[in-house]
Amino acid sequence: MAVLLFVSVLLVAACGLIYELVAGTLASYLLGDSVLQFSTVIGCYLFAMGIGSALSRFIDRGLIYRFVWIEIAVALVGGFSSAGLFLAFAYTQGFQLILYATVIVIGVLVGLEIPLLMRIVRSRYEFRDLVSHVLTFDYLGALAASLLFPIVLVPKLGLVRSAMLFGLVNAAVALWSTFLFSKQLATKTALRVACLVVAAALSAGLIAAGRITAYAEDNIYADEVILSRDTRYQHIVVTRWKDDIRLFLSSHLQFSSRDEYRYHEALVHPGLAAIPAPRRVLVLGGGDGLAVRELLKYPMIERITLVDLDPEMTRLFTTHALLSSLNGHSFQSPRVTVINADAFPWIDSNREMFDFIVVDFPDPTNYSLGKLYTTAFYRAAGRHLSAQGAMVVQSTSPMFARDSFWCIVQTLKEAGLKTRPYHAYVPSFGEWGFVLAGFVDHPAPAAVPEGLRFVSVAGIPAMFDFPPDMSPVPMPANHLNDQVLVRAYDRDWKDITH
Amino acid sequence: MTRTRREFLALSGAALAGTMTPARGDRAIAGAFVDDNSTNGHRIRDRASFPSATQVEKHRIVIVGGGIAGLSAAWRLRKRGVSDFVLLEMNPQPGGNARWGENAITAYPWAAHYVPLPGPKAVYVRELFEDLGVLRDGVWEERYLCQDPQERLFLFGRWQEGIEPSVGVGPKDRDQFRRLEDLFAEFRASGAFTIPMELGLSSTTEALDRLSFADWLRARGVDSRPLLWYMDYACRDDYGARAADTSAWAGIHYFASRESEEKGPLTWPEGNGWIVRRLLERLGTSVRAGQMVHRIEARKTGVSVFAGHTEHRADVVIFAAPTFLAPFLVDGMTPLGDFEYSPWLTANLTIDRLPRTRGQSPPAWDTVVMDSPTLGYVDAMHQTLKTHVDRTVWTFYYALADGEPATNRRMLLQRSWDDWKEIILRDLERVHPDIRDCVSRIDMMRMGHAMARPKVGAIFSDERRRLARNGLPGGRLLFANSDLSGFSIFEEAQYRGVRAAERALQM
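Going down the list, the protein sequences come from chains A and B. Going by this note's numbering, the letters in the first sequence line up with residues 98 to 595, in that order. Going by this note's numbering, the letters in the second sequence line up with residues 3 to 509, in that order.
These are computed hints drawn from the structure, not numbers from a lab. Please note that the accuracy of each hint is not assured.
Examples of chain A residues toward chain B, derived with CB under 7 Å [claimed, not checked]:
id, residue
1, C141
2, N437
3, Q580
In silico SDA-like cross-links for lysine to any residue, where the CA-CA straight-line distance does not exceed 20 Å [as the list claims (entries may be wrong)]:
id, chain 1, residue 1, chain 2, residue 2
4, B, K388, A, W443
5, A, K515, A, W443
6, B, K60, A, K515
7, B, K81, A, F458
8, B, K388, A, M560
9, B, K388, A, G147
10, B, K388, A, D579
11, B, K388, A, F458
12, B, K388, A, K515
Please read these numbers as outputs of a predicted model, since none were measured by experiment. A virtual CB, placed ideally from N, CA and C, is assigned to each residue, including glycine.
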């Protein structure tokens with residue numbers, strides 16, 4: 098009995114310290130400045146323990162009953178503290194508030210534990226023995242926890258699982274106490290059921306911990322992440338679910354292997370197939386090599402120059418077995434030259450002429466990307482276009498971002514180009530828009546390369562027809578000094594998501 | 003001034019942050035005071051002895067001072083087909099307030115960093131920009147217009163676009179804003195507030211030069227705190243003076259002289275240094291830097307300008323350096339009383355890693371923090387065409403506007419580089435908490451007489467107008483500095499330089 102009792106003290110003490118360490122570590126991970134985080138977390142925690150100790154004197158009757166409930170509460174709050182804080186950081190603005198509230202709640206509860214325990218067993222021991230034994234085991238528990246935490250728990254289990262494991266220990270102490278003090282407890286069933294429910298919840302949490310962490314770290318990747326790379330420019334993530342491979346750049350979906358052929362065929366063929374004898378082609382953006390795969394279907398093209406900012410991106414799509422198989426190893430073609438450079442300065446400093454230019458940039462989500470959709474940019478790009486040539490611009494969705502789409506059309510017009518907007522349906526994106534621009538009007542193509550799965554000569558005219566829900570809206574052009582497009586894009590997509 | 007509770011809290015917060023920062027070992031930040039011309043200036047002031055001339059050069063025209071006024075005079079002479087002139091600049095680098103610097107990341111300005119889109123009356127400015135390819139067939143070159151987003155202001159713990167306060171502005175403030183805008187619109191329509199200022203200057207507005215801008219605002223019933231801050235900021239930004247120390251005429255001119263700027267201003271990574279570079283390319287060896295003029299002497303048939311060991315004999319001299327220097331250089335010239343200047347500190351911070359920003363706000367060209375005594379900073383990489391920027395240079399502006407210019411000038415020179423570094427970093431820490439970890443170098447320029455200070459009475463000063471109109475008796479010494487307008491802005495400097503050149507050619 099005596100030994101078991103003091104083992105409880107040890108375990109309870111260890112649990113308390115673990116929650117404190119978890120909160121401090123998590124705050125340091127997420128907020129940085131570990132000295133500040135640990136100091137404030139420990140300070141709050143000790144202070145809250147003091148409050149708990151002070152409050153303990155207001156508990157007069159049913160000490161054991163209340164002690165068990167407190168254990169159950171610690172198990173629940175402490176056990177889920179880490180998972181809860183991760184999610185709070187990912188999904189709320191008030192992480193720090195939630196952090197300190199959690200630390201204070203756990204601290205108050207833990208502060209109640211030892212005084213209550215001491216009062217529960219005081220009749221069996223001399224006061225001096227009681228204090229000595231309880232504090233000895235209390236400190237032993239602290240030592241055990243502080244060694245276990247960095248050496249075993251964090252590296253082997255991680256923060257989320259560690260907290261849950263010790264929540265289970267608290268729940269076990271609670272359950273065990275109902276047996277240890279079974280004579281003094283009038284109603285035991287409710288307590289035991291509560292213990293088991295909390296223990297079951299924590300066990301389920303332990304099993305699902307991996308998913309919780311992943312969910313908190315990034316809620317957008319529904320599928321298994323098979324590649325994740327932080328480059329100087331962006332965060333590249335490739336996911337896979339059965340035969341569906343998806344590429345995300347800084348959390349924005351770029352393609353799904355199931356329907357990307359629709360996007361890339363629509364991007365390339367309606368414009369390129371109409372040009373009599375294209376020899377030189379420029380691709381701006383498009384570091385996945387999928388547009389290049391379509392371009393290579395034209396034997397008369399002698400040279401394709403691709404300019405993409407991120408060398409890691411083009412390297413992955415050249416050498417990674419799975420990714421380069423998606424683009425048909427297009428970057429290995431002797432006709433293709435890959436240049437890693439910022440597109441606007443590159444076209445500004447280069448003098449080469451091209452018969453076809455593919456402008457395939459990320460959507461204008463911010464002012465930096467917005468520069469690539471301005472009259473200044475299109476004028477500079479137009480200087481590289483041969484007299485009979487054409488340029489195609491990926492122009493976001495005319496359905497979901499109608500103002501943005503027609504703003505891009507207007508911008509190309511103001512840059513002195515003739516425009517022919519069109520659209521195509523890509524299931525993973527929805528209705529998507531493109532603009533052909535050049536100095537001359539091209540007739541619709543009489544033939545397209547063989548083996549296409551989406552674009553056909555018969556189907557092309559319909560792509561240039563805009564039904565009323567996507568028809569033109571009057572929009573000003575986008576300029577470097579007045580980026581109306583970025584604001585319109587923000588409005589357009591907000592209207593849909595909220 | 004009574005402090006509000008918010009200000010007090012902000013101050014104690016800053017004090018707390020101040021006591022905590024040294025604990026996290028600062029990373030080493032290099033830097034120095036650069037291009038400090040006070041020594042040369044003080045030699046002239048103290049009438050030190052200079053070597054006597056050993057050689058004589060003859061020119062039709064000599065221009066003293068290679069800032070915008072002097073360079074504009076030279077540009078005009080060239081356009082008129084005159085090449086028999088020389089421009090003498092004291093500093094090793096010409097440009098005056100439009101000087102610039104450059105490092106591995108970008109070029110950056112040392113002072114003046116933009117030109118508002120010139121209105122129809124600023125014909126010489128428009129002509130210059132046509133010459134430089136900035137204005138073509140009535141269309142401004144897009145890449146020289148300040149990119150979006152242009153300005154942002156941090157106030158009440160939040161960011162807003164533009165520096166005219168709109169966050170935390172109530173109906174009363176809005177009402178006063180509107181009333182004031184109407185008044186400025188009337189002044190604009192009156193035609194008395196023009197750029198160049200001389201074209202519209204009329205005695206009907208002389209009364210406005212006899213009281214301060216702050217008093218004028220008070221008399222109009224303006225007591226809105228955000229509005230008063232904005233008016234005061236405008237005076238500090240353009241004149242280096244508080245609204246209480248600025249002539250109401252000048253304060254009104256700031257708001258009434260320009261049409262609302264939908265698309266401007268014009269700016270470049272090195273600020274107005276870009277214009278200086280283009281002018282220097284065109285002027286070639288006519289511009290001689292590092293030539294300190296130490297004496298100017300009227301002769302029977304012309305004027306002699308002494309610099310180094312050379313006596314430059316000219317028919318006419320255009321004095322484009324700050325006018326307050328003239329009595330120290332020109333033999334027999336009486337001292338001046340009406341010319342006062344504001345001291346400024348500017349600093350260029352090399353940013354090796356972009357710092358965090360409190361709250362949500364995309365980087366802008368110009369960042370201002372309300373209730374900071376400084377003017378904020380300008381990002382030299384803002385005009386880049388790149389989409390990805392991970393290093394940059396920030397130009398930090400601090401007009402020492404509070405108190406007497408002479409006292410502030412002494413303080414400017416007395417404080418060490420470390421003192422100023424702390425002042426700058428603490429100011430930036432309000433919005434960029436980890437700025438210390440991101441800066442590798444801070445170079446500073448101390449300008450004791452950075453710009454003319456349009457105090458009460460400065461605009462209609464007889465002394466100023468007489469020098470601007472006549473030059474010195476005999477008309478062979480013409481003045482061209484922007485301080486002859488009462489305030490230092492690019493357009494005034496350029497106008498005065500061009501006018502002086504035209505008059506010199508008529509002699």
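Structure-based check of each hint:
A cut of 7 Å between beta carbons decides the hint on A:C141: the least distance to chain B is about 18 Å, and the hint is violated. Contact between A:N437 and chain B, as hinted, is not supported at the beta carbon level, the nearest pair being about 11 Å apart and thus beyond 7 Å. Residue-level restraint check for A:Q580 holds (minimum Cβ-Cβ distance to chain B is 4 Å; threshold 7 Å). Restraint check: the Cα-Cα separation between B:K388 and A:W443 comes to about 9 Å, which is no more than 20 Å; the hinted pair holds.
Taken as a hint, the A:K515 and A:W443 pair is broken in the structure, with Cα atoms around 24 Å apart against an allowance of 20 Å. A hinted pair counts as satisfied when its Cα atoms are at most 20 Å apart, and B:K60 with A:K515 does not qualify at roughly 60 Å. For the given pair, B:K81 sits about 45 Å from A:F458 by alpha-carbon distance, which is inconsistent with the 20 Å threshold. Between B:K388 and A:M560, the direct Cα distance comes to roughly 33 Å. Violation of the 20 Å bound is thereby established for this hinted pair.
Between B:K388 and A:G147 the alpha-carbon distance is near 57 Å, which puts this suggested pair outside the 20 Å criterion. The straight-line distance between the Cα atoms of B:K388 and A:D579 is roughly 17 Å, inside the 20 Å bound, and the hint therefore holds. Proximity of B:K388 to A:F458 is assessed by CA-CA distance (about 13 Å); at most 20 Å being required, the pair is judged to hold. A hinted pair counts as satisfied when its Cα atoms are at most 20 Å apart, and B:K388 with A:K515 does not qualify at roughly 26 Å.
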